[in-house]
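A.B. asks: Based on the sequences and whatever the hints tell you, model everything.
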Amino acid sequence: MFHHKKRIWPVLLVTGALTFSAACAGDDSGSGSGDGGDGQVTIRFSWWGDDSRHRITEEAIALFEEKNPDIKVQGEYSAWDSYYDQLTTQVASNDAPDVFAIEIRRLGEFARRGSLADLGGLVDTSDLNEQLLPSGNVDDVQYAIPTGANTFAVMLNRAVLQDAGLEVPDDTSWTWEEYLELSAQVTENTDSGVYGTQINFNDAYLRVFANQRGEDFYTDDAMGISEETLADWFRSHLDLMEAEAAPDAARSTEIGSTGVETSLIATNTGAMGMWWSNQLNAMTTGSGEEVEVLRMPREAGADTSGMFLQPTMFWAAAESGSHQEAAGKLIDFLANDPDAARILGSDRGLPMNDAVLEEIRDEMPETDIASLEFISAMEGELTDPPRAYPAGAGEIPNMLQRYGEEVIFGRMSPEEAASAFLSEADNTLG
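When you line the sequence shown up against mature numbering (1 follows the signal peptide of the UniProt record, and there is no 0), it's residues -25 to -1, 1 to 405, in that order.
For the record, the hints were derived by calculation from the structure and aren't laboratory data.
The following label-pair restraints were derived from C-beta to C-beta distances: (1) Gly231 x Asp359: 25 to 33 Å; (2) Gly385 x Gly231: 13 to 21 Å; (3) Thr194 x Glu217: 27 to 35 Å; (4) Ala37 x Ala275: 48 to 56 Å; (5) Asp114 x Ser295: 12 to 20 Å; (6) Gly189 x Glu217: 24 to 32 Å.
Below, computed lysine to aspartate or glutamate pairings styled on DMTMM-like, alpha-carbon distance capped at 20 Å: (7) Lys47 x Asp314; (8) Lys42 x Glu300; (9) Lys47 x Glu300; (10) Lys47 x Asp70; (11) Lys42 x Asp314; (12) Lys47 x Glu33; (13) Lys47 x Glu34.
Ideal placement from N, C-alpha and C gives every residue a C-beta, glycine not left out.
C.D. replies: Below, the structure written as structure tokens:
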């Protein structure tokens, strides 16, 4: 059961110190390939990411092993592009890692096909954020623990905006039309090769856009977005390019919408872009300039920002694992130990634990504190985190990108792309 708190996200997420795992998760026993001759248990831990994430995760593993000398952790990591192909193959062959990272797009299908262990009795969840924690619950079972929290927002490079002689917009009231106009002004007022913003086909952006129109992204087993809304969303990207507020199709595709290092903001060649709030530190470091997080613009007349709290990713354990108690100890450590939080920082989202957050706050980078304060300031504006998506949802982001590129390269109209996307998506989901 969850320990309910009166405050939800006043200073961001809630926490709990690591006092539970020793009591609830005793030493694993039994024999098998994961047992050492001296009684030490070996578990496998898999994640995706760049070199920086690998480094800090391995550092956290080393500390966990120091605190739990009876458990040895074998790390396995890969690039994002190959992660799920590898994980799916391992699960199918009954060779899944004991602990692994998973995102919300894949959580539902992995949980519902019996691949994930019930973490309810393995990890202390009593002090974890009551607003975020349910996102890891599928069919009333806590299959996953959020690694942290963020929200999809606009980021702004102040130096580029100042070079254009423009002021920071009022993000409590600006509209999509004003976003386009400001972006076009930046391009017009700066040197060639500098733009106001970059286009973005992230499904989180589409979710915000649709939420502002009162539409859900998914129903139980299909897309919930109307064809009209999706066509308008595709058209908005064309509008940005036609106004020269964003680069042309070729340059936009080259930049992409997921790589921080190549983004216009990080390379000081653009004023704005849409990113996850936990990426603020990377944007600031990359650009060497002050980067600010802003609310997403709204459709004129919308009564909601459409923005939502998001679990960055989750920790899960394999149902087939022979050392689930040891796996639970590792997840508990990652979620609840202040020393682990110090190492991992905001790479996988801001800590979702108030006690941990209070203990490490003074040690956090200024950019993480800024992200924290941004989410705190939006208390009451952010909707609850999404729950597990339908099976097949992991294919939707690439599908959106593919149809989006058809539109910006002029091979399909927004209406044609919207119709074709929804047809393909509904055939994929289930």
